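Student: If you read the sequences in order, they're chains L and D.
So for the first sequence, our numbering puts the first residue at 11; every next one is plus one.
So for the second sequence, our numbering puts the first residue at 239; every next one is plus one.
None of these hints come from the bench; they were simulated from the model.
A quick note: this is a predicted structure, and the numbers were derived from the prediction, not measured.
Mixed in with the good hints, there may be bad ones.
Below, a list of computed lysine to aspartate or glutamate pairs in the EDC-like style, where the Cα atoms sit at most 16 Å apart [stated by the list, open to error]:
id	chain 1	residue 1	chain 2	residue 2
1	L	Lys189	L	Glu168
2	L	Lys312	D	Asp1013
3	L	Lys87	L	Glu168
4	D	Lys1011	L	Glu429
5	L	Lys222	L	Glu290
6	D	Lys894	L	Glu429
7	D	Lys416	D	Asp725
8	L	Lys189	L	Asp126
9	D	Lys488	D	Asp703
10	D	Lys837	D	Asp812
11	L	Lys87	L	Asp125
12	D	Lys894	L	Asp452
Output of the computed footprint for chain L on chain D, the stretches with three or more beta carbons under 8 Å from beta carbons of chain L [stated by the list, open to error]:
id	stretch
13	914-925
14	1008-1014
If you only want the chain L side, here are some residues facing chain D, beta carbon under 8 Å, derived [to be verified]:
id	residue
15	Trp252
16	Pro413
17	Glu415
18	Ser417
19	Pro418
20	Val419
21	Ile425
22	Asn443
23	Phe445
24	Glu447
25	Phe449
26	Thr451
27	Pro453
28	His457
29	Gly462
30	His463
Idealized CB from N, CA, C, for every residue including glycine.
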Amino acid sequence: MSPRPGFVLEVDRSTPPTLYWHGERFRMERLPEGSRVIYAPEPLDPLGDPSAAIRHALRHPLGDKDPLPALLHPGMKLTIAFDDISLPLPPMERPDIRQLVIEQVLDMAADAGVDDVELIVALALHRRMTEPELRHALGDRIYDAFAPNGLLTQHDAEDPDALVHLGLTDQGEDVEINKRAAESDLLVYVNINLVAMDGGHKSVATGLASYKSLRHHHNPQTMQRSRSFMDQHKSELHSANWRMGKLIADSGVNVFQIETNLNNDAFPPAFNFLQKREWEWGVKDRLAYLGASKVLDRTPAKYARQVFHSVKAPHRMTSVQAGEVEAVHAVTTDNVWKQQGVVVEGQTDILSMGLPYISPYNVNSILNPILVACLGLGYFFNMYRGKPLVREGGVVIMSHPTPWEFSPVHHPSYIDFFEQVLSETTDPIEIANGFEESFATDPWYIHLYRTGHAYHGVHPFYMWYWCAHALQHLGAVIIVGGDPAAVHRLGFRVASTMADALEMANDIVGTSPTLTHIHTPPIFMSDVQ
Amino acid sequence: MTRVRGALGGKRFFITGATGFLGTALVERLLRSVPDCEVVLLIRPTRRSTPMQRATKEILKNDCFDRLRHERGDQFETQVASRMTAVAGDVGTDGLGLDEEGRRQLSRCDIVIHSAASVSFDSPLDAAVEVNLLGPSRVAEAMVAARDAAAAEGRVGPVHFIPVSTAYVAGTHQGEAKEELLEGNRFSLDVAWKSEVDAARRQRGDSEAESRRPERLRAFSKAARSELGGAGLHLLAERAERLREDWVKKQLVEIGKVRAQSLGWPDAYPYTKALGERALISQYGDLIPITIVRPSIIESALAEPRPGWIRGFRMAEPIIVSYARGLLKEFPGVPEGVTDVIPVDLVVATIIAVSGESLLHAAEGRPYEGPSVYHVASGVRNPFHYGRLVELIREWFTEHPLYDTDGQPIVVPEWSFPGRGRVQHQLTRASKAMDMAEKVVGSLPIRGRQAAWMAALEEKHLLADRALGYVELYGAYTETEARYRVDRLLALWDRMDEDDRQMLCLDPAAVDWDHYVREIHLPSIVEHARVRTTPGRSIQPSRADRARKAILSPDRHLAAFDLENTLIASNVVDSYAWLASRHLRAGERAAFIAGLVRKAPSLLALDRRDRGDFLRSFYRRYEDAPVDQLHDDGWELFHHQLLAKSFPAAIARVRKHRALGHRTILITGALDFVVEPLRPLFDEIVCARLSQKDGRYTGRLAELPPIGEARALVLADYAEAEGLELSESMAYADSASDLPMLEAVGFPVAVNPETKLAAIARRRGWHVEHWDKADGGAQPMLPIGPLDTRDAAKRGRTSSAALAGAVRRLAAKDAR
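The whole structure should be built from the sequences, with the hints applied where relevant.
Tutor: Now the structure itself:
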């Protein structure tokens, strides 16, 4: 039986309550009759032999590119860059796709007699990965072969000696990227393309760039003009990255792009109920849900968080393509749509969503309030093509406990951003003009970013800019079950129950609003007609 | 021109005690209502100010002069201030300590008024004797000398002496006390004042000697240590010496009280005053004309210079405010007894009227009839019953309650007029219970908000003690049954003409007590007490906000920080355990941690006893550890353990100081490789260092670690070398052992203080910050480092195996 496509359910009297993520917990909500619930397509069938598929892709590149073996020769300088801990979500069961792909690339390089090979984590301004995380992504064999000899490095956007300025785009944007990568004879970039935003020219132009370069597209104006940044053709974020990608290519950087698609099988069988449509739950699903929710309700959030972060996803590869960046990315994007696209008729007054414990920026960490906002308004809100799911002036209702909690190890500048910046203003443009510079150049944050496992000082600003389009578009944001102090600091409203939230939304959108709920996991893209 | 004031016009007055409550009012009144008179004030110079500076600051700038300043406007300087002269001197010294100029000034005066006194009811006996007993005679002696000097120049010199005494010299016996000298008074014991002086002076010597006995000195040292903990030798010595001095003072206060009571006075004040009168009369009664003025309890002004004017917090005020705050639940007293209170302006008027009469008397050539006495008291002429007073106070505070810190009105208790003994007993019991609670809580290892709570308990204790003090001190006065007759005062009143009466009201009958208490006295003391009189939360910036603002002013120079529990919730044992366990095999880790946990109490005890010894012995554990590896591991420790346990607000504060251009310095007993990652936060890091040999640590400190007093020295050296002022600097620390550093700066900040420091910070009004770890920082229960899997690959087996081996040996030793 082939997997079923996405589905839009209209709630009626017989519809059972709908499942919401609520951080490290779940809620069941009975939605008003007439509400719509959107379900993702079911997981696509994975490739039978991923290794063979990878080999095939490397040997049969797309676009104007020679097969990988033809690009490898003795004495050359080869650099393999790969996506960091932010992908995929949750982290996948071993072996990770990066390991599978890089092993093949390394085998071909060895066969060709290449001995100058370096691996670089393309983390842009993200936190450096820890040893266990790297071992998980690459496998012990690669790690032990490269790390002890200093051949596995993490991109350092603040090391002036490790960056090179390639020039300005026709729009005057600085292109400054990792020196080793830029000066290699061949740069192989290994992507995991979980959402439509990932990959393409963004891989190198963003993943291996410096703050000087990133600030040209990581800003509120760009984000407000990206509708959405999940739709490459209507995204100013992508236009900038494409300009930069062209310049990188024109500068002679030879990029061999490898992109991979995953199916959306995000949780192991114990959590099957999460991805099933509620009316199709069997006895096992009910019991699993009851067991999980009872246990979680009695477990302190701190420990529940540890449990969830140890969950590995059974994601499987559905496609891999390699070669020239744009040709590869076009195929990848199509594949993403095949797995994630759902056609939805018309906008809604109220968009509701349950937010999980995880986002790209808090793997093995805490979803702090800023990340809560970014996950809901940056990611979920923007998962559309055409027009936003919620109409202009509409309301987003998200469900998350939003505790006033931060990881001082991973998110030190977030703490100060929350205390010092959001207490003054929540307007992204005011924030960018008034505060960004001082956080971005702060020596302490730079020190923690370079030597520890902290996100760069400017990173919380980017999270807030990610929300800029939604903040401009929406009439109100309500967080159900949130910590009032933290939610108010974000500039949002807090409701203790979904019923209260709907009542509050009435003030904005009138007394008989339409409501649409995006049912996650797994995530999906709405094609709003 | 009126009779009395006419006689005084253009005269010169020599006044002692002008900076006191009565003295200030007297000077103001003379300058305001006696035309062209001049005043010469005897003022004790202090280290900082000359007598004239003191006179300007403490007398002319007092709100007593607001009226005069307002009336005269621009003319104030020429018409008022220029008529005032100050000379240096001290009534506690023989000859008043006058210099040539002082003696010359005195010889040019006409009237001498002595109002200087040690009015505190709990002065040490010897101090009270010097001032109250010998003071009047010393002034008289100087006056005689001045008169003789004037005579030698063919002038007249001072002609009349008016010492101010107290009505209570008559004791607290039942019945009436007349305005007559103590000599021959049947209630007054004839005590040989000279032997009392000798005894008091001897007593000082005895108490001083007693306080220096070895067991006493040991007790003071012990008490200092229990209060300050390991604050360092110098501070402990300073504190112990303070405790000794306080002990001597307390002895002398107690002896004074007991001696006074054995002779029939309630305490040392009236006793020394009474003997002072006797000494004066017996020595100078025949040499100079003397009129003694004896007021009862002087309180705020009825009308002059304005209703309610008062200076300083006097006898009744603290009691009334304590009551209004709900702290004093009971106060002993006899409801039908008479509370003898007299407004200050009536006393001033009496002194001026007596001065005028004496001059008139001399001018008219009438013979001097010997020393005389005036009472200025209300008890007979216009009695005010204690019960009524209490009723008025209660009514008033019910209508105008004070508010607590939450803005809630405080309900005043109803007094039942219990006996003094019962109240004393109750308060003693409460104080003892709190003493016990304090001892128990004080020995617990708590810090931060709990410690602040402990400090609050201590404050309650202090209040209970103070309440007990009031009852012991003033109880006798509310139970006084003596009635001070004012026949001579009224005769003086009768002799005055209408104009003088207008200007110099001294008739106690003029006081309408209900009006006085409700409209004049209580509003005035509430204003003085700086208590909250409005409901709701204050919109004013809180004390803490103001302190923070002062600390974060760009004018400051330097901010010094302690590390443990100030910036991070960690300590040297944690760090060691983390670093060491990182290189142990799985099975060994458990044994190692168990060993350390078992050792924890003794480690803690050693740390408390002597920080230096503790560090020295603890750091031995790093013996044989490879230097390079620990430096690498130090970074891992920081990012995984210390940062997770850091106080984000503390780190933000350090950075804020840097942003403001302040220098920042970290002074810690932690090791260099542990604190290295913090370097970007500080201009300077002063920490402990281990000596090395062949790339390994020896386990011995390379130099003295910066702890205790050494921190203050390090800080002072740094400030001096960099040209920074410590008075403009901050120090942040968590423990009493950091006192030397905290005391060295102008802006000390107690961060999450442990109990001893919390108590000290509260007492001294130091700013306190409560900084928490970030909610969400991963906080492992035990400080165990993740296994270092790089060991084998990166560094080869030897180095990590060596540390692991060293740790294993230690673990085995600990286990034993």
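Student: Could you run down the list of hints and mark each one as holding or not?
Tutor: Structure-based check of each hint:
Simply put, L/Lys189 and L/Glu168 have alpha-carbon atoms about 12 Å apart, close enough for the 16 Å limit, and the pair holds. Distance restraint check for L/Lys312 and D/Asp1013: the Cα-Cα separation of roughly 10 Å lies within the 16 Å cut-off, and the hinted pair is therefore satisfied. A threshold of 16 Å between alpha carbons decides the hint, and for L/Lys87 with L/Glu168 the separation of about 23 Å lies outside it, so the pair is violated. Between D/Lys1011 and L/Glu429 the CA atoms are separated by roughly 15 Å; this keeps the pair inside 16 Å, and the hint holds.
Proximity of L/Lys222 to L/Glu290 is assessed by CA-CA distance (about 51 Å); at most 16 Å being required, the pair is judged violated. Taking the CA atoms of D/Lys894 and L/Glu429, the gap is about 13 Å. The hint holds against a cut of 16 Å. Using a Cα cut-off of 16 Å, the hinted pair D/Lys416 and D/Asp725 holds, with the two alpha carbons roughly 8 Å apart. Taking the CA atoms of L/Lys189 and L/Asp126, the gap is about 15 Å. The hint holds against a cut of 16 Å.
Of the pairs offered as hints, the one joining D/Lys488 and D/Asp703 holds, with about 14 Å between alpha carbons and a cut-off of 16 Å not exceeded. Distance restraint check for D/Lys837 and D/Asp812: the Cα-Cα separation of roughly 13 Å lies within the 16 Å cut-off, and the hinted pair is therefore satisfied. For the hint pairing L/Lys87 with L/Asp125, the CA-to-CA distance comes to about 8 Å; that is within 16 Å, so the pair holds. Of the pairs offered as hints, the one joining D/Lys894 and L/Asp452 holds, with about 12 Å between alpha carbons and a cut-off of 16 Å not exceeded.
With a threshold of 8 Å between beta carbons, the proposed coverage of the stretch 914-925 of chain D by chain L holds, since 3 of its residues qualify and at least three are required. Counting residues of the stretch 1008-1014 of chain D whose C-beta sits closer than 8 Å to any C-beta of chain L gives 4, which meets the bar of three, so the coverage hint holds. With its C-beta approaching chain D no nearer than about 37 Å, L/Trp252 sits outside the 8 Å limit, and its interface hint is violated. Interface hint at L/Pro413: satisfied, since its Cβ lies 7 Å from the closest Cβ of chain D, which is below the 8 Å cut-off.
This hint holds: L/Glu415 has a C-beta 3 Å from the nearest C-beta of chain D, less than the 8 Å allowed. Because the smallest distance between the Cβ of L/Ser417 and any Cβ of chain D comes to about 5 Å, under 8 Å, the interface hint for this residue holds. Here the hint on L/Pro418 is kept, as its CB sits about 4 Å from the closest CB of chain D, short of 8 Å. Using the Cβ-Cβ criterion of 8 Å, the hint placing L/Val419 at the interface with chain D is satisfied: the shortest such distance is roughly 5 Å.
A hinted interface residue such as L/Ile425 counts as satisfied when its beta carbon comes closer than 8 Å to some beta carbon of chain D; here the least separation is about 5 Å, so the hint holds. Because the beta carbon of L/Asn443 sits about 19 Å from the nearest beta carbon in chain D, more than 8 Å, this interface hint is broken. At about 13 Å, the closest approach between the beta carbon of L/Phe445 and any beta carbon in chain D exceeds 8 Å, and the interface hint on this residue is violated. Against a cut-off of 8 Å between C-beta atoms, the interface hint on L/Glu447 is violated, since the closest Cβ of chain D lies about 13 Å away.
Because the smallest distance between the Cβ of L/Phe449 and any Cβ of chain D comes to about 11 Å, over 8 Å, the interface hint for this residue is violated. A distance limit of 8 Å between C-beta atoms decides the matter here; for L/Thr451 the minimum to chain D is near 12 Å, and the interface restraint is violated. The criterion of a C-beta within 8 Å of any C-beta in chain D is met by L/Pro453, whose closest approach is roughly 5 Å, and the hint holds. Interface hint status for L/His457: upheld, as the beta-carbon distance to the closest one in chain D is roughly 4 Å, under 8 Å.
The interface hint given for L/Gly462 is met, as the beta carbon of that residue sits about 4 Å from the closest beta carbon of chain D, less than 8 Å. Of the supplied interface hints, the one on L/His463 holds, with its beta-carbon coming within about 6 Å of a beta-carbon of chain D, less than 8 Å.
The earlier numbered hints that this structure contradicts are 3, 5, 15, 22, 23, 24, 25 and 26.
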